[in-house]
Amino acid sequence: MRLKLNLQTILLLALPVVIQCQLNAVKSGLESCYNESAIPGITIADNRPPVTLNVFLEILRRIEDANPAMTIRDLAALLIQKLRHNGIEETQKPVSLSIALPYAPTGQDALKGTIMTEEFIPTSQIRLSYGDLSMADVCAFHYMISNSVNKTIRGDENQTCLRSARYQMRIARATRRKDIETIEKQSRQAFGPTGEPSLCPIEKGVVYSQYGSFKIGQVIQGLAAGLNQENLNNVDNRYAATLGGDLCQTALIQIDPPLRLGVSGGWNSSTNPKYYFLQQSDDLDLTDQDIRGSLDGLYMALKINDIKGKSDVKISQVLDMYYSPQQKGVFDTSFRACNRNILFSELVNSQTLQSNINNLMPIMDNKGQYPYTIDTAKYGLLAEAAFNNFSSYLPRLNDPRCPQLDSGIERVRTDLLIFIDPNWEYKTIQPILSYILDNIDVNKFASRYTLFSGVDASNITNASTSYLLEFHNSYNLSVHEKLPKSFDYSKVYEKLESVAKSKLNNNSYTGGESTIVLLLVKNAPTGNQGTFVNQRKEIIKQYLPDLSLLVLGYGSADDYSSMLINPSKDFISLTSTTNDNELMNIGKDVVDAIKKIPRSIINPSCGSGFVGSESTLTYSDSVDLYGTNYYKISPYYFAIGSNGRSLKIIEPSTGSITVCISRDIDRPTSSNADCQTLQSSVKSYDLSNYCGKNVRDCSPIYLSIYGNSTQYRCNDATCRFPNNIKYSISLDSVGCTSSALAIVSNFILISTLFLFLKF
6 MRLKLNLQTI
16 LLLALPVVIQ
26 CQLNAVKSGL
36 ESCYNESAIP
46 GITIADNRPP
56 VTLNVFLEIL
66 RRIEDANPAM
76 TIRDLAALLI
86 QKLRHNGIEE
96 TQKPVSLSIA
106 LPYAPTGQDA
116 LKGTIMTEEF
126 IPTSQIRLSY
136 GDLSMADVCA
146 FHYMISNSVN
156 KTIRGDENQT
166 CLRSARYQMR
176 IARATRRKDI
186 ETIEKQSRQA
196 FGPTGEPSLC
206 PIEKGVVYSQ
216 YGSFKIGQVI
226 QGLAAGLNQE
236 NLNNVDNRYA
246 ATLGGDLCQT
256 ALIQIDPPLR
266 LGVSGGWNSS
276 TNPKYYFLQQ
286 SDDLDLTDQD
296 IRGSLDGLYM
306 ALKINDIKGK
316 SDVKISQVLD
326 MYYSPQQKGV
336 FDTSFRACNR
346 NILFSELVNS
356 QTLQSNINNL
366 MPIMDNKGQY
376 PYTIDTAKYG
386 LLAEAAFNNF
396 SSYLPRLNDP
406 RCPQLDSGIE
416 RVRTDLLIFI
426 DPNWEYKTIQ
436 PILSYILDNI
446 DVNKFASRYT
456 LFSGVDASNI
466 TNASTSYLLE
476 FHNSYNLSVH
486 EKLPKSFDYS
496 KVYEKLESVA
506 KSKLNNNSYT
516 GGESTIVLLL
526 VKNAPTGNQG
536 TFVNQRKEII
546 KQYLPDLSLL
556 VLGYGSADDY
566 SSMLINPSKD
576 FISLTSTTND
586 NELMNIGKDV
596 VDAIKKIPRS
606 IINPSCGSGF
616 VGSESTLTYS
626 DSVDLYGTNY
636 YKISPYYFAI
646 GSNGRSLKII
656 EPSTGSITVC
666 ISRDIDRPTS
676 SNADCQTLQS
686 SVKSYDLSNY
696 CGKNVRDCSP
706 IYLSIYGNST
716 QYRCNDATCR
726 FPNNIKYSIS
736 LDSVGCTSSA
746 LAIVSNFILI
756 STLFLFLKF
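Count along the sequence shown starting at 1, add 5, and that's the number in my numbering.
Bear in mind the hints are in silico, worked out from the structure with no lab data behind them. These numbers were taken from a predicted model, which means no experiment stands behind them. Heads up, the beta-carbon is just placed ideally off N, CA and C, and yes, glycines get one too. Heads up, a few of these hints could be off.
[Stated by the list, open to error] Derived DSSO-like pairs: lysine-lysine, alpha-carbon spacing no greater than 27 Å straight-line:
| # | residue 1 | residue 2 |
| --- | --- | --- |
| 1 | K593 | K574 |
| 2 | K432 | K279 |
| 3 | K698 | K637 |
[Said to hold, decoys possible] Each pair of labels, with its calculated beta carbon distance range:
| # | residue 1 | residue 2 | range |
| --- | --- | --- | --- |
| 4 | S561 | L352 | 46 to 56 Å |
| 5 | P657 | Q356 | 47 to 57 Å |
| 6 | I260 | K315 | 39 to 49 Å |
| 7 | D461 | Q716 | 50 to 60 Å |
Generate coordinates for the entire structure from the input sequences, incorporating the hints supplied.
Here's what the structure looks like:
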């Protein structure tokens, strides 16, 4: 690194004009992120996807997948080198777009970012591929990891700032009940370059988290430093790149102790968080979000080599584990974001932190552009003040802590088919859907979804996508307003039955997921429509036993009894509201309903007709450490077969699991079911007498599999985490049967009959 820095010094002397232009311009490769002609609307947060951790992780995983041979060490450094650029601000002067972009790194974060990358983070000539990501998606990632504050007055301050103040009064109470950071949603108005400071500026580079919103770019920078750890002039780059650097710069800017640390704020929305408002317009040198990001980045830097010693991890895995709202942690349930304040006393040596701040002072002062000539003899005084003021402030962050009794980890794995009624307002259903998709594990390891129009059952998103970005890129106000205001039950049922049937006819599909239809409807089926859906309900019940139907609609559960098997459980009420808290609570109700539906195991030999010769199927899966997976096996797949037919669960030496089985409890546990622990062993259940003569009266098999311990051997592409525990579920010598008449395969006939019914 030092040889490279010397070379840069030579280049600075030889080519001062060229280098100066580079330092004062948006990084090469990121220009289109600030060019409205290249990507219309890209500079407006409302036009980018929400800044949730799951959206961030999706983009990061796609970058990792596009660079499979790249080490975690190189990737962390390249993300900072190529995609992070702090302090970019919009100019206050008119600019001809044919000559220049109206953006440049002129904010106070810009110079510090340059110092960090030049002195403490290695550079690389390795090419970074973005795979199938669009440039708009890459730009969204850039905005997520780059720090800056937009102080320009917007024109909506009378609403947003007042609401932000009310938010602050509420958050003091909310943190005690582990609420989330939110303010009511406001539409962003055009930013006018008037030069006036906003009373509640927008802080960029902040990511939404229930354990306190934070600067995720600081976390990546900490990882990059920890993976390339070295000392320069008695400065540990792990401290310089994170908390030490932030405290040093704050001291050099404010100069007079006591330092004013910490500024909070609130999001535009908890269902669609896109921009973060700060509570004040001054003393923004080290906000609460900066502190959280720098703390987490420092923890990562100090622990990453120990983490790598257990398994060859990816950046996305480390962040996924650390910020998990469930009982996860990075190979240690205590090493997670909800323990942020506790980890400081456990991991950070106070003397080491203060000495690094002190030793960093001359480097930052010499390279910085501070409005003072500082007495170098006072560096120690400033470093001590920075450390002491921070130590006093840290307990006041008051972030939600880890729950004393963790509920365990329950991952959703579903194929969700969503049909929307365009009669609903976009601003009512879009935030709900955004919240639902962000909270049901939509990613390449778990859930997928398809969004359909309820008008003609045409696709709005690609079929069975596992990308959250697909929803935000494909469904917007313009798309919604072009849809005719109607909902055709016949076409919707034709599509949902066709999709479910095609899955059963896929001879390589063994399930391992729930299949759920979510209907967002404005009008319940009545009259002949009610008769039609009631007939389809019986056919679905008999021939599509693994298809579940949920309704999010106007009215009451009784209004939808003709189409729902269990209306009290499968109906969620929806009203024409745009209140963010109400929308979030509705989304939570849907998420809870989805989580209660177990995954299904399917015999691909049976097809949609449930006919086929005796066969054996094996399904492989993995479970989180301290997590539980729930399964359902329809009697159609085991009611007949040889007398020796059996169900087997196999644990192949990747850890220890507990298996529970029940015939009537859909979430079996050790307190209500037959359970056994497996480690490098097999549990077999004889199914010969599980059903009588009538399959209609035969109950399904319900399984739960809990992860007890791990050997850190889950390293193939299907493993979300290295400490997942693998296992397989096998049905041996089973046949196929059904309790119903043959399903009407030609839906055109049914649709024709439906047309004869009078509405």
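Outcome of the hint check:
1. K593 / K574: holds (14 Å)
2. K432 / K279: Cα-Cα ~15 Å, so holds.
3. K698 / K637: Given pair K698, K637 holds - Cα atoms ~21 Å apart, limit 27 Å.
4. S561 / L352: 46 to 56 Å: holds (53 Å)
5. P657 / Q356: 47 to 57 Å: Distance hint for P657, Q356 holds at roughly 48 Å.
6. I260 / K315: 39 to 49 Å: Since I260 and K315 have Cβ atoms about 44 Å apart, the given range 39 to 49 Å holds.
7. D461 / Q716: 50 to 60 Å: holds (51 Å)
When held up to the earlier numbered hints, the structure conflicts with none and fits them all.
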